[in-house]
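Protein chains: 2
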Amino acid sequence: MSIDYKRELEQAARTMILIHNPATLIRMIVRMIVRKVKLRHAAILLFDKKRNSYVLTISRGERGLRIPAGFARVDSDSALISLFTQYAGKAESLKKSAMVCEDIDKMLWKNTLIRNEDKEQELLTKVSNEMRIFESVACIPTYFQNHLLGILLLGEKISTEKFTQEELDFFAALASDVSMAISNAQLFQELQDELKANKDLFLRTTIALAAAIEAKDIYTRGHTERVTKLSLVIAQKLTNSRIYTLPENFLENLHIGSLLHDIGKIGIPETILNKPGKLTEEEFAVIREHTLKGAAILQPIKEMEECLAAVKYHHERYDGNGYPEGLVGEKIPLIAAIISVADAFDAMIIDRPYRKARSRVEAIEEIKRCSGSQFNPVVANCLLELAREGRV
Amino acid sequence: MSIDYKRELEQAARTMILIHNPATLIRMIVRMIVRKVKLRHAAILLFDKKRNSYVLTISRGERGLRIPAGFARVDSDSALISLFTQYAGKAESLKKSAMVCEDIDKMLWKNTLIRNEDKEQELLTKVSNEMRIFESVACIPTYFQNHLLGILLLGEKISTEKFTQEELDFFAALASDVSMAISNAQLFQELQDELKANKDLFLRTTIALAAAIEAKDIYTRGHTERVTKLSLVIAQKLTNSRIYTLPENFLENLHIGSLLHDIGKIGIPETILNKPGKLTEEEFAVIREHTLKGAAILQPIKEMEECLAAVKYHHERYDGNGYPEGLVGEKIPLIAAIISVADAFDAMIIDRPYRKARSRVEAIEEIKRCSGSQFNPVVANCLLELAREGRV
Numbered sequence: 001m002s003i004d005y006k007r008e009l010e011q012a013a014r015t016m017i018l019i020h021n022p023a024t025l026i027r028m029i030v031r032m033i034v035r036k037v038k039l040r041h042a043a044i045l046l047f048d049k050k051r052n053s054y055v056l057t058i059s060r061g062e063r064g065l066r067i068p069a070g071f072a073r074v075d076s077d078s079a080l081i082s083l084f085t086q087y088a089g090k091a092e093s094l095k096k097s098a099m100v101c102e103d104i105d106k107m108l109w110k111n112t113l114i115r116n117e118d119k120e121q122e123l124l125t126k127v128s129n130e131m132r133i134f135e136s137v138a139c140i141p142t143y144f145q146n147h148l149l150g151i152l153l154l155g156e157k158i159s160t161e162k163f164t165q166e167e168l169d170f171f172a173a174l175a176s177d178v179s180m181a182i183s184n185a186q187l188f189q190e191l192q193d194e195l196k197a198n199k200d201l202f203l204r205t206t207i208a209l210a211a212a213i214e215a216k217d218i219y220t221r222g223h224t225e226r227v228t229k230l231s232l233v234i235a236q237k238l239t240n241s242r243i244y245t246l247p248e249n250f251l252e253n254l255h256i257g258s259l260l261h262d263i264g265k266i267g268i269p270e271t272i273l274n275k276p277g278k279l280t281e282e283e284f285a286v287i288r289e290h291t292l293k294g295a296a297i298l299q300p301i302k303e304m305e306e307c308l309a310a311v312k313y314h315h316e317r318y319d320g321n322g323y324p325e326g327l328v329g330e331k332i333p334l335i336a337a338i339i340s341v342a343d344a345f346d347a348m349i350i351d352r353p354y355r356k357a358r359s360r361v362e363a364i365e366e367i368k369r370c371s372g373s374q375f376n377p378v379v380a381n382c383l384l385e386l387a388r389e390g391r392v
Numbered sequence: 001m002s003i004d005y006k007r008e009l010e011q012a013a014r015t016m017i018l019i020h021n022p023a024t025l026i027r028m029i030v031r032m033i034v035r036k037v038k039l040r041h042a043a044i045l046l047f048d049k050k051r052n053s054y055v056l057t058i059s060r061g062e063r064g065l066r067i068p069a070g071f072a073r074v075d076s077d078s079a080l081i082s083l084f085t086q087y088a089g090k091a092e093s094l095k096k097s098a099m100v101c102e103d104i105d106k107m108l109w110k111n112t113l114i115r116n117e118d119k120e121q122e123l124l125t126k127v128s129n130e131m132r133i134f135e136s137v138a139c140i141p142t143y144f145q146n147h148l149l150g151i152l153l154l155g156e157k158i159s160t161e162k163f164t165q166e167e168l169d170f171f172a173a174l175a176s177d178v179s180m181a182i183s184n185a186q187l188f189q190e191l192q193d194e195l196k197a198n199k200d201l202f203l204r205t206t207i208a209l210a211a212a213i214e215a216k217d218i219y220t221r222g223h224t225e226r227v228t229k230l231s232l233v234i235a236q237k238l239t240n241s242r243i244y245t246l247p248e249n250f251l252e253n254l255h256i257g258s259l260l261h262d263i264g265k266i267g268i269p270e271t272i273l274n275k276p277g278k279l280t281e282e283e284f285a286v287i288r289e290h291t292l293k294g295a296a297i298l299q300p301i302k303e304m305e306e307c308l309a310a311v312k313y314h315h316e317r318y319d320g321n322g323y324p325e326g327l328v329g330e331k332i333p334l335i336a337a338i339i340s341v342a343d344a345f346d347a348m349i350i351d352r353p354y355r356k357a358r359s360r361v362e363a364i365e366e367i368k369r370c371s372g373s374q375f376n377p378v379v380a381n382c383l384l385e386l387a388r389e390g391r392v
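Sequence order for the protein chains is A and B. Using our numbering, the letters of the first sequence map in sequence onto residues 1 to 392. Using our numbering, the letters of the second sequence map in sequence onto residues 1 to 392.
To be clear, the hints were calculated from the coordinates, so they are not data collected in a lab. One or more of the hints may lead you astray.
Copies of the same chain are indistinguishable here, so a pair counts whether it falls within one copy or spans any two.
Below are the DSSO-like pairs computed for lysine-lysine, each with C-alpha atoms no more than 27 angstroms apart in a straight line [unchecked claim]:
id : residue 1 : residue 2
1  : Lys49     : Lys302
2  : Lys110    : Lys49
3  : Lys36     : Lys90
4  : Lys110    : Lys237
5  : Lys50     : Lys302
6  : Lys293    : Lys229
7  : Lys126    : Lys157
8  : Lys275    : Lys265
All chains should be modelled from the sequences, with the hints used to inform the complete structure.
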């Protein structure tokens, strides 16, 4: 039988390096082998670093499902793995590139005749049994840097013909490519997981610190969390409506920015923050400083530029009568304009020492009334729509 | 000429997937081609996403250095790149797999005779010139997903023999492997850079927030930064002395932990923190709460377990007379024992409202005197040694 599928499989093996999802990759390659080579079944046993054992990552073909689930994981000291790992440290030319069931049976039979060493006999018998459990007639190991990466398990051909040596050599090369692509994908996955975990840790630490800072102000418990949630919902709606094209990382920055929007309060005396009565003009002036104090804290961090804008300008007004700079209209960064609406809305619905909380309906009315004067009308309108949809 | 190097190069191409340093990878492969195929020179032009142009990543061989440095970058609209990108979107069978200088010259000559379209003539003339600038007699493009990834530039063979079609086909396959491995390595590098940037951002944000919290206490400016530095120096010395085997991430946790060790002060009224006179017993009791308040802030963050221990226990004493839990000896986590020594040392050498700063010598003497009572003796001893070495 000529191996006419060779070119196609080689071509596929070439491109798989850049597929960084291990599961997709394995599924793709096993399916391809089964179809092109016309096998009843094929599977891959792959090393799992975390558990130091080999896992049957996938199994395809008409007989694929017959593999007992309990055998889905193979320990490193199993016969099949032991047989191949003993070659792992050896020179390329000494490594076993494939093991065919039939050959093993022949060796076993020969060994019986010449009464060979018991240990080898025992190992081969076990290997033969394990291969039968996996319904494979040939096993092809793949190594990387003296380590057994995995084993490609091939089922019988539908034509019931035997594998030729040329075919087995070809599969050895292919298995090597596949295993390396999979290892590569796994490393990629690990790195991506670590990056995700890191971003997540950063976010949660920011949440914890924001909560601690907020705790200084006894009147605003939970305020930061609610403002953050509402800001993100508004931004999401703006994105969907396509009125603004939000830059990359905008939502991430808005998340951090709204968590930290009142961070400057850390520099405001508690006596003023927590004063039960009405504040004097001087005390208000001190409170207003929290925008600039917050900006100063983030100043040294270049990547926080957008968050800094959120902290600094969330008390600006669309008509230019806000603070600290009296910016007008679209000059106010969108990130700050969003937080401004969310912040004002949430401030209205909580009790303050000098006034009682308003109802949600009243607060929405107030946002509507101040759209275009205090608030960016597009952002304010976004909140009004959310209210109509019952999402605020 | 038989291509006996084929097997070796293919073997090498297989393993390079797992080399994740693009520079190493490129150097390795170009050097190998030059040596095995016995070329005067070889180079790779590789797509640089950031600048949307192609860079001569490396050039090797006896003529390698003759390439003018000014041509190290080739714009996407250059003739050589244009020639190959026009094939990028086409089916595999229609793609040009290699371009040999000699063939181009033949085509140019033929075009002159039959007065072919000017544009093609112009492009080919330019390609021919660019190839000569790179001293290459053959160019092999590599594509991935309809995008031109790079071009392998081959110099003349030392034997001056021409490349056969079989050789060119082989190089096309090899170039594809190489480019993909390089793209993969670049993606890896990008991910690793992002991870590093992220960790760094986390650290700098923590520093900024710690500084903001510290600013509440007017007597301790710069204290956190100094304690953090000293703690890290002590830990480094402990590692070198091999007395303790520090767990993975210990230094990272110590860094964050010492930056945040006084984070609980955020919950202590400024009137007490900044009281100019001596504190009453009740006021001291409030100050002592900063350890538990700090721990409570970090409580929700699972990954901060070690840092939390630093925050919570940095006022414990080796003899068990510390707070908040009165832990004794080795029960006090090492991370807290280190910060305890660094914190006490730095507190002694700064002015306090109720006493003047001591000298460094006096502070060292005090640490020595309290070794084994207030301080973990191994850690205290470490500081004393650092002092003897003039590093404190």
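- Which numbered conditions among the earlier hints are violated in the structure presented, ordered from lowest to highest? 2 and 4
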